[in-house]
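2 protein chains.
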Amino acid sequence: MNFTLTVLGSASAKPAPGRFQSAQVLCVHGRFFLIDCGEGVQTRLQEAGISPMKIDSIFVSHIHGDHLFGIFGFLSTLGMQGRAAPVNIYGPSNLGPILKFYKSYFWDDSFFEIKFNPLNIKEPEVIYSTKSFEILAFPLNHRIETYGYIFREKEPMMNVRKEKIDEYGLSLTEIGTVKRGEDVIREHADGGSETLPFAELGYKPFEPRSFAYCSDTAPFPKEAEWVRGVDLLYHEATYTNEYADQAAKRYHSTTLQAAQCALEAGAGKLVIGHYSSRIRDIALFQSECRSIFPESYAANDLDVFDIPRH
Amino acid sequence: MNFTLTVLGSASAKPAPGRFQSAQVLCVHGRFFLIDCGEGVQTRLQEAGISPMKIDSIFVSHIHGDHLFGIFGFLSTLGMQGRAAPVNIYGPSNLGPILKFYKSYFWDDSFFEIKFNPLNIKEPEVIYSTKSFEILAFPLNHRIETYGYIFREKEPMMNVRKEKIDEYGLSLTEIGTVKRGEDVIREHADGGSETLPFAELGYKPFEPRSFAYCSDTAPFPKEAEWVRGVDLLYHEATYTNEYADQAAKRYHSTTLQAAQCALEAGAGKLVIGHYSSRIRDIALFQSECRSIFPESYAANDLDVFDIPRH
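These protein sequence lines map, in sequence, to chains A and B. The first sequence lines up with residues 128 to 437 when you count with the numbering used here. The second sequence lines up with residues 128 to 437 when you count with the numbering used here.
No lab work stands behind these hints, which were simulated from the structure alone. Take these hints with a grain of salt, some might be off.
Since the list gives no way to pick one copy over another, a pair counts as held whenever it fits inside one copy or between any two copies.
[Unchecked claim] Straight-line distance between alpha carbons at most 20 Å, and here's what the computed EDC-like set of lysine to aspartate or glutamate pairs gives:
1. Lys349 with Glu252
2. Lys376 with Asp235
3. Lys281 with Glu261
4. Lys230 with Glu272
5. Lys349 with Glu250
6. Lys306 with Glu282
7. Lys376 with Asp236
8. Lys230 with Glu174
9. Lys249 with Glu309
10. Lys227 with Glu352
11. Lys242 with Glu261
12. Lys291 with Glu321
13. Lys306 with Asp293
14. Lys291 with Asp310
15. Lys281 with Glu321
16. Lys258 with Asp183
17. Lys331 with Glu309
Could you build all of it, start to finish, from the sequences and the hints given here?
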């Protein structure tokens with residue numbers, strides 16, 4: 128049951144040597160989700176060995192070109208390759224007319240269905256759900272309407288310790304109670320009762336894993352709360368601390384602001400990207416983040432971050 | 128006075144490993160012209176060491192995505208970099224609404240002016256002219272309205288052999304005559320005349336150089352005539368000969384058709400590209416062309432073809 132992030136593009140407004148613009152793919156339990164579609168996304172997917180045909184849905188943060196201009200070529204390729212299954216696209220409502228215009232000039236009626244799901248969300252809300260995981264969108268704080276996304280496993284059913292079934296002679300009903308994570312309470316004929324605590328009878332098979340994507344955004348009060356406890360946080364860090372004024376002016380984050388969000392959220396690991404092309408020393412981005420949050424990693428294109436089960 | 132082609136993308140409908148989609152840049156006498164704008168064009172320009180700010184004008188063959196989807200990111204980057212000079216774009220008239228839509232969503236009023244020049248051309252016509260060279264457009268034979276382009280130096284003024292000025296005592300008027308490439312005719316007082324042949328008095332300092340771009344197109348009767356005598360012919364060869372049926376159906380050319388055009392046109396050199404992703408053996412494209420036209424070269428991304436003066 129994998130949960131793996133592949134960074135496809137780590138540059139910001141314009142590509143840099145070896146860096147394409149924002150795009151990532153997250154694989155959750157065998158399903159592939161594309162998050163943002165900077166130019167060259169299909170080339171990077173090829174290089175990562177991920178067939179575009181495998182992409183389940185696309186999540187667009189906002190309609191700035193460096194997060195979007197790869198979507199046209201990507202969709203056209205899917206169409207030409209004969210994809211049959213619809214593609215769901217989630218993003219701000221102003222993405223709707225862009226997709227409509229694209230289709231009016233570059234689409235063939237024989238191609239698959241593009242299902243656009245416009246978001247109008249003020250706080251974290253589930254937009255996609257399966258038996259084992261769900262995806263939420265939440266608003267970010269950028270110059271235009273922008274959304275972040277959280278991918279998280281659902282709380283699992285509890286496991287029952289086999290030896291306790293025999294020891295206490297647990298009934299099927301009682302086993303169901305343990306699986307829901309509850310204590311078993313046995314009523315006796317004399318009116319008394321006995322509590323068999325969940326902690327003795329069962330255990331949680333794994334902690335649900337989660338990933339949050341925050342790009343592009345300036346810091347905002349609720350951000351850390353909304354991504355609280357994620358195992359992996361991708362946060363844009365367009366500027367080093369020296370350019371904090373520039374970051375504020377353009378509604379972006381600095382290294383220190385990204386790291387502060389990870390710290391306050393209690394994230395497991397921070398991955399940064401979306402580096403301004405004016406700063407070439409990527410090691411500096413990473414070291415600045417680590418001064419606040421040691422588990423910080425400055426992404427390069429095609430870097431893979433796996434979240435193992437624990 | 129350079130005349131140099133750099134191939135930026137040699138793939139066709141979708142990118143292939145190491146190959147981006149159609150884009151080229153031609154440098155003529157220090158001016159840079161972008162011909163088609165497949166996705167990733169600005170990345171390839173960086174890799175070729177050509178600043179996007181240097182691009183004088185853009186020539187779009189047709190509005191299929193693999194020739195166009197890089198134009199949005201390219202123009203946005205120019206805008207963000209503070210380009211002041213207008214950019215002229217030439218292409219079929221259906222490119223107009225696409226550029227208009229792009230600007231309505233992704234353009235800043237402070238950016239430079241995009242001057243779109245819609246083409247409506249039935250046979251070769253000059254669309255751009257300087258003192259020393261000119262650019263022509265001509266229709267190709269594709270599924271939608273598509274144009275090829277010819278870039279050619281103008282005929283130079285003739286040079287006068289210095290020793291002949293003294294030997295014949297040439298007057299300023301007679302020197303002007305030689306520079307126009309004409310014989311000098313001297314009328315004598317007795318009614319007779321004397322002809323001093325141009326071939327003795329002057330010479331052509333260089334042969335004008337030329338480049339033609341033919342993509343995408345199926346063969347058509349006038350094609351070789353329209354590109355007659357070019358030093359360098361870029362011609363799409365989407366398919367090897369085995370796939371001639373597919374080529375005809377999709378209004379593309381095979382290797383042999385591209386080579387036949389070069390042969391009939393008397394081109395100096397043929398460069399091919401726009402390879403179908405289904406055929407991975409690029410050497411086969413080249414060898415098939417060479418069976419008809421030995422001076423054939425199968426382009427890779429970032430290949431440079433210089434046309435020296437002769």
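How the hints compare with the structure:
no.	hint	result
1	Lys349 with Glu252	within (14 Å within a copy, 61 Å between copies)
2	Lys376 with Asp235	between (42 Å within a copy, 16 Å between copies)
3	Lys281 with Glu261	within (7 Å within a copy, 66 Å between copies)
4	Lys230 with Glu272	between (23 Å within a copy, 18 Å between copies)
5	Lys349 with Glu250	within (9 Å within a copy, 63 Å between copies)
6	Lys306 with Glu282	within (12 Å within a copy, 88 Å between copies)
7	Lys376 with Asp236	between (44 Å within a copy, 18 Å between copies)
8	Lys230 with Glu174	neither (27 Å within a copy, 32 Å between copies)
9	Lys249 with Glu309	neither (34 Å within a copy, 80 Å between copies)
10	Lys227 with Glu352	neither (36 Å within a copy, 41 Å between copies)
11	Lys242 with Glu261	within (19 Å within a copy, 47 Å between copies)
12	Lys291 with Glu321	within (15 Å within a copy, 125 Å between copies)
13	Lys306 with Asp293	within (16 Å within a copy, 111 Å between copies)
14	Lys291 with Asp310	within (13 Å within a copy, 115 Å between copies)
15	Lys281 with Glu321	neither (31 Å within a copy, 102 Å between copies)
16	Lys258 with Asp183	within (16 Å within a copy, 56 Å between copies)
17	Lys331 with Glu309	within (12 Å within a copy, 98 Å between copies)
Hints 8, 9, 10, 15, counting from the list given before, are not met by this structure.
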